[in-house]
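Chemist: One-letter residues, chain by chain:
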Amino acid sequence: EAQVTQNPRYLITVTGKKLTVTCSQNMNHEYMSWYRQDPGLGLRQIYYSMNVEVTDKGDVPEGYKVSRKEKRNFPLILESPSPNQTSLYFCASSSPPGPTDTQYFGPGTRLTVL
Amino acid sequence: GQNIDQPTEMTATEGAIVQINCTYQTSGFNGLFWYQQHAGEAPTFLSYNVLDGLEEKGRFSSFLSRSKGYSYLLLKELQMKDSASYLCAVMFSGGYNKLIFGAGTRLAVHP
Chain A
35 EAQVTQNPRY
45 LITVTGKKLT
55 VTCSQNMNHE
65 YMSWYRQDPG
75 LGLRQIYYSM
85 NVEVTDKGDV
95 PEGYKVSRKE
105 KRNFPLILES
115 PSPNQTSLYF
125 CASSSPPGPT
135 DTQYFGPGTR
145 LTVL
Chain B
558 GQNIDQPTEM
568 TATEGAIVQI
578 NCTYQTSGFN
588 GLFWYQQHAG
598 EAPTFLSYNV
608 LDGLEEKGRF
618 SSFLSRSKGY
628 SYLLLKELQM
638 KDSASYLCAV
648 MFSGGYNKLI
658 FGAGTRLAVH
668 P
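If you're matching them up, the sequences are chains A and B in order.
The first sequence lines up with residues 35 to 148 when you count with the numbering used here.
The second sequence lines up with residues 558 to 668 when you count with the numbering used here.
Keep in mind that a hint or two might mislead.
[Stated by the list, open to error] Just the calculated beta-carbon pair ranges, DEER-fashion:
1) Lys51/A with Lys625/B: 44 to 50 Å
2) Asn118/A with Asp562/B: 21 to 27 Å
3) Glu598/B with Ile111/A: 21 to 27 Å
4) Asp609/B with Gly74/A: 40 to 46 Å
5) Arg616/B with Lys51/A: 45 to 51 Å
These are calculated hints, taken from the structure and not from any lab test.
Note that this is a predicted model, so its numbers are computed, not measured.
C-beta: ideal position from N, C-alpha, C; glycine also.
I would like the entire structure built from these sequences, with the hints used as guidance.
Modeler: As structure tokens, then:
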């Protein structure tokens, strides 16, 4: 089954404790991205990747890092989480590069930073 | 920045028709998507418009006017399961295509 998976689905953590949210897709997609969703603001892009070892900042990259060492995986790293990063996070993938094809979204990760 | 505007909330009756509007700044426009998102779930793709006109897909249709920076999503024969948020997303070009989402329209369908 074609899908995008994220782990964990729910996470409560404390300020400053490094965490990683994993994202994996099994569709051989080249394009992957991370979004956060906050009430009243909609989905905002954090980082995107056009292919292995190619990443770039989206609209709200501050406080986040990503890596793309393999095509299928695109982890999101919060080196020192803060309460303003409490949000619902979605990973997405599509092919070909550039979202002219539909994006497939993962199930979401609800993060709370205390 | 590029603003995507859509109403925050709408209500409609089961079996009726509802139209959800979306407006955007036209500079750099490169395509428009509509997504459906049920509470607590991931967005799912509904439609994609890049040329002017109406795209029909079953009970859902999407319209685009590029010169006016305007789109709408039309839902016919509403069902209770259509209660969800509907996200308008515009792709802009500028070195690399980027997808900008509106805040979403929360639709409540009642009997």
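Chemist: If a hint holds in the structure, say so; if it does not, say that too.
Modeler: Hint check results:
1. Lys51/A with Lys625/B: 44 to 50 Å: holds, 49 Å
2. Asn118/A with Asp562/B: 21 to 27 Å: About 25 Å separates the Cβ atoms of Asn118/A and Asp562/B, which means 21 to 27 Å holds.
3. Glu598/B with Ile111/A: 21 to 27 Å: Holds: the Cβ-Cβ distance is about 25 Å, inside 21 to 27 Å.
4. Asp609/B with Gly74/A: 40 to 46 Å: At 31 Å between Cβs, range violated.
5. Arg616/B with Lys51/A: 45 to 51 Å: holds, 47 Å
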